[in-house]
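This is what each chain is made of:
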Amino acid sequence: MRIRTAGVVAVLGLALAASGCGGSDDDSSAPATKESAGAAGGKLVIWADDKRTAALKPFAETFGQTNGVTVEVQAVSKDLQTNFVTASQQGSGPDVVVGAHDWIGNLVQNGAIDPVQLAADQKSGFNETAVKAVTFNGQLYGVPYAMENLALIRNTELAPEAPKTIEELVATGKKLKAEKKASEILCLQSGQNGDAYHIYPLYTSAGGYLFGTGANGDYDPKDLGVGKPESIAAFQRIAKLGEKGEGALKRSITPENAIATFTGKKCAYLVSGPWAIADAKKANISYDISPVPGFAGGKEAQPFVGVQAFYVAAKGKNKALAQEFVANYTTKPDLAVALYNAEPRPPALTAALDQVKGSDPDLAKFTEAGKNGQVLPAIPAMAAIWDPFGKAEAAIIGGADPAKTITAAGKTISGQIK
Amino acid sequence: MSTKLSGPRSTRTSGRGPVGSGLPRTVRSHVPITATGLVVKVVLLGLVAGIAIWAAFPLVEAGKWVGLALLAATTAGLFYLYLTPRHIPAKYLLPGTVFLIAFQVFPVLYTASTAFTNFGDGHRGSKDDAIVAIQSSSVQQVPGSTEYTLSVASEGDPVTGPLVFLVTDPATGAVSAGDAGGLRRLDAADVTVAPGGKVTAADGYTVLTFGQASTRSQEITDLVVPTAGGALRSSGLSRAYEGRAIRAYDAGCDCITDRESGRTWTADEKAGSFVAADGERLAQGWKVNVGGENFSRVLTDPNISGPFFGTLLWNFAFATGSTGLTFLLGMAIALALHSPRMRGTNLYRVLLILPYAMPSFAMLLVWRDMFNTDFGLINNLFGLGVDWFGQDWSARATVLLVQLWLGYPYMFLVATGALQAIPRELTEATSVDGASPWQSFRAVTLPLLLVALAPLLIASFAYNFNNINAIWLTTEGGPFPADNPRNGATDLLITYTYRLAFGAQGAEFGTAAAVSIFIFAIVATVSAISFRSTRKQEEVYS
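From first to last, the protein sequence lines stand for chains P and U. Position 389, counted from 1, in the first sequence is what full-length UniProt numbering calls 389; the numbers after and before it change by one each time, with no gaps. Position 472, counted from 1, in the second sequence is what full-length UniProt numbering calls 472; the numbers after and before it change by one each time, with no gaps.
Think of the hints as simulated: they come from the structure by calculation, not from any bench. Check before you lean on any hint, since a few could be wrong.
PhoX-like mimics (lysine-lysine), calculated; alpha carbons at most 20 Å apart, straight line [to be verified]:
no., chain 1, residue 1, chain 2, residue 2
1, P, 371, P, 299
2, U, 198, P, 332
3, P, 418, U, 270
Partial chain P-side listing against chain U, Cβ under 8 Å, derived [what the hints assert, rightly or not]:
no., residue
4, 110
5, 111
6, 139
7, 314
8, 380
9, 383
10, 388
11, 398
12, 404
Some chain P residues flagged as far from chain U (calculated, every beta-carbon gap over 12 Å) [stated by the list, open to error]:
no., residue
13, 55
14, 59
15, 128
16, 368
Heads up, the beta-carbon is just placed ideally off N, CA and C, and yes, glycines get one too.
Please construct the entire structure, taking both the sequences and the accompanying hints into account.
And the structure:
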């Protein structure tokens with residue numbers, strides 16, 4: 001009997017110990033907050049990807065120290081958007097999340113973010129396109145801090161002059177290929193299943209569009225441009241650059257090898273964004289940046305403009321503090337400059353751009369290349385575009401009939417838009 | 001604690017004798033209690049209790065009483081079972097059963113229940129969540145209204161006192177105090193205003209620091225000060241604006257009304273959305289039960305059911321091909337290395353296991369790049385220009401080839417093990433009887449191998465049937481016919497449905513769950529049939 005009593009006592013003791021250990025983890029948010037309330041204050045949790053987490057940390061700490069609150073920056077390295085939506089549904093999400101502006105549509109339909117109210121003078125400090133990008137259904141949903149868009153990066157040793165048209169680019173590229181100075185005409189990534197983002201400047205130059213715009217300037221999911229005669233005409237021009245035509249666009253150029261092929265000096269031209277510059281610098285390539293050229297006699301080539309922004313979580317535990325951080329702290333140039341130093345993308349805040357422009361001439365060139373760009377649609381319907389549009393592009397580059405392919409893609413997309 | 005365990009320690013020294021005078025000898029006599037056993041039991045039960053208490057807090061907090069009752073019943077059951085000397089078989093069965101329920105039965109039931117809902121992006125939460133989201137996302141600043149500088153203050157105690165907004169008009173510098181009762185002007189003599197307009201002190205109020213204010217975040221967000229044009233709301237902790245919700249829910253008509261345009265969206269409980277008369281839907285919907293709609297959609301929607309059978313056929317070919325080819329190659333190598341005349345078998349074995357030791361995730365991507373038309377190793381090495389992933393049959397062959405490379409080491413391993421279990425006397429006997437090596441392999445070795453390996457082959461088939469990585473990381477289902485971007489030549493059912501469920505306008509978990517139930521039915525049927533035939537085979541050879 002002694003043993004059993006001993007056993008029971010021991011079990012109870014361990015149970016209390018175990019629940020104590022587990023409980024202390026679980027309860028740390030509640031009592032700890034209360035406990036520190038006298039000394040410090042509430043807690044702000046920020047979710048960002050790995051790179052930005054590192055850049056944000058010192059600023060978050062400063063914000064915390066000046067204001068007597070605890071700020072925690074947590075890195076979510078994969079599927080940040082999905083994880084955020086799921087977590088905020090469970091009530092375990094962060095107060096602030098950092099991400100691309102084209103998430104807004106999905107975040108809003110899931111009730112995951114709240115609008116941000118910026119004063120007029122705060123708004124006017126931002127690049128106009130950036131503010132437009134984070135505006136959805138007439139509401140401002142995030143505070144932009146960086147912008148990105150595609151440009152034409154060329155190896156100035158191989159191609160000293162910036163081409164004015166695609167035809168000019170192809171002619172130079174072909175000459176270099178004939179002289180065995182390069183093995184490819186143009187590095188524009190496609191892959192077997194296409195890449196809608198990278199082909200978009202050429203698509204717009206040839207007259208195509210994705211969504212029409214409504215009266216208020218928002219994209220209208222009911223006016224789908226894919227499958228319309230304009231889009232077919234556009235892809236007929238793109239087909240001429242494909243594998244059965246000039247050979248400038250190839251499915252063998254993939255997201256993985258496009259930048260490497262350019263830095264390996266196998267092609268003189270690369271269509272890519274600010275993220276490619278680090279590699280080009282590492283490879284010691286003498287390069288220059290110019291807008292993506294359009295077709296001769298066509299419209300302007302308009303790249304997508306993407307914006308990175310701070311959002312206030314709708315189901316966050318500390319919304320007032322989150323609003324304060326996003327609306328009144330991330331709108332300051334210092335933070336934008338620090339984020340630029342973490343990853344060189346043009347800051348959305350004009351004052352911050354002016355600060356870093358001098359030391360980095362590439363920024364102004366990227367901004368110039370994106371000046372006529374189109375805001376990447378944030379409406380949920382855009383999610384239905386990427387896959388079918390990319391596949392149609394790949395098929396057409398490979399020699400499929402543009403009319404048939406694009407009509408089918410248009411049908412698939414419109415079938416998926418609710 | 002350890003001092004109390006002197007009892008069992010003393011029994012160990014006395015050998016295998018019965019323990020503790022008070023214990024019923026009949027039951028325990030053949031089960032000696034050791035100190036280790038007791039400690040393990042105490043620790044495990046302690047952990048169970050600890051986990052139960054840890055899990056109970058959130059359940060109590062959320063008021064989930066059914067869950068709490070279930071938790072209490074399970075824990076009590078566990079304790080009873082392991083503290084009573086009876087029910088010996090149940091003691092062995094229970095841990096497995098608990099894990100089976102937690103990790104198999106529960107996810108299957110959850111998937112099945114999801115299949116009957118419209119759960120997905122835009123339909124994740126409850127109707128109340130959707131209404132809150134619609135109303136709060138429609139709050140707009142009143143055009144031309146003032147933007148105030150805000151200080152959050154309280155009347156009395158900073159932690160419990162009622163909250164007040166102290167707002168400064170930037171144009172006039174006038175300070176007002178606002179709470180749910182409205183705005184009232186404060187005398188300029190009673191307040192201290194810092195440059196920039198922020199109130200730092202006011203008679204009768206305690207101005208809260210950010211730290212103090214942030215602990216009352218929810219109250220601050222909820223506090224609206226009614227004004228003539230709308231209501232004063234906080235934007236963070238240092239600014240306030242006059243805003244109003246353009247859209248509001250009316251319980252009377254169960255609809256959302258837009259105050260500016262006058263449009264109404266009525267709740268459609270079947271679709272889980274607010275729908276206007278012209279069919280326009282508000283983006284924020286809620287989760288509802290849709291009955292068998294997801295299932296009937298899979299069967300009747302020509303976009304889904306059209307390419308279904310072609311995909312199913314290739315899916316079978318892929319699973320059979322992956323399993324069969326890896327088995328043939330793995331077995332052939334195992335046979336070769338099993339031969340007593342073979343030298344350096346250990347070295348070969350190590351080399352052959354290598355592909356198995358590498359992470360298949362990375363290897364699939366490497367293989368994809370090796371098959372690149374212009375830059376890939378394969379074409380460069382052999383001087384070819386084959387567009388491997390661009391044509392239906394070459395893409396299929398490539399996928400199978402990659403599968404072969406990834407999968408044969410496993411088959412080699414299990415075949416080696418099974419071969420070593422077959423007595424050499426049997427094959428020696430056949431050769432004495434004058435059978436050729438081939439005859440002896442066909443008649444003796446292969447059947448005995450299959451008896452051991454057939455269940456593994458069936459498992460491998462079931463795994464490859466749903467092998468999403470093998471396709472998604474190499475071809476993504478492509479190449480796609482020019483006129484159909486929905487369904488490619490190497491698509492498996494799982495990749496195809498993944499695209500269906502997550503490629504459209506946001507994720508549709510309901511549809512995905514319905515399709516996975518169909519796939520489950522197919523795999524279960526195939527496995528059941530194969531197991532039955534294996535059993536027959538075993539009866540023949542044993």
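| Hint numbers the structure violates, sorted upward? | The structure breaks none of the hints.
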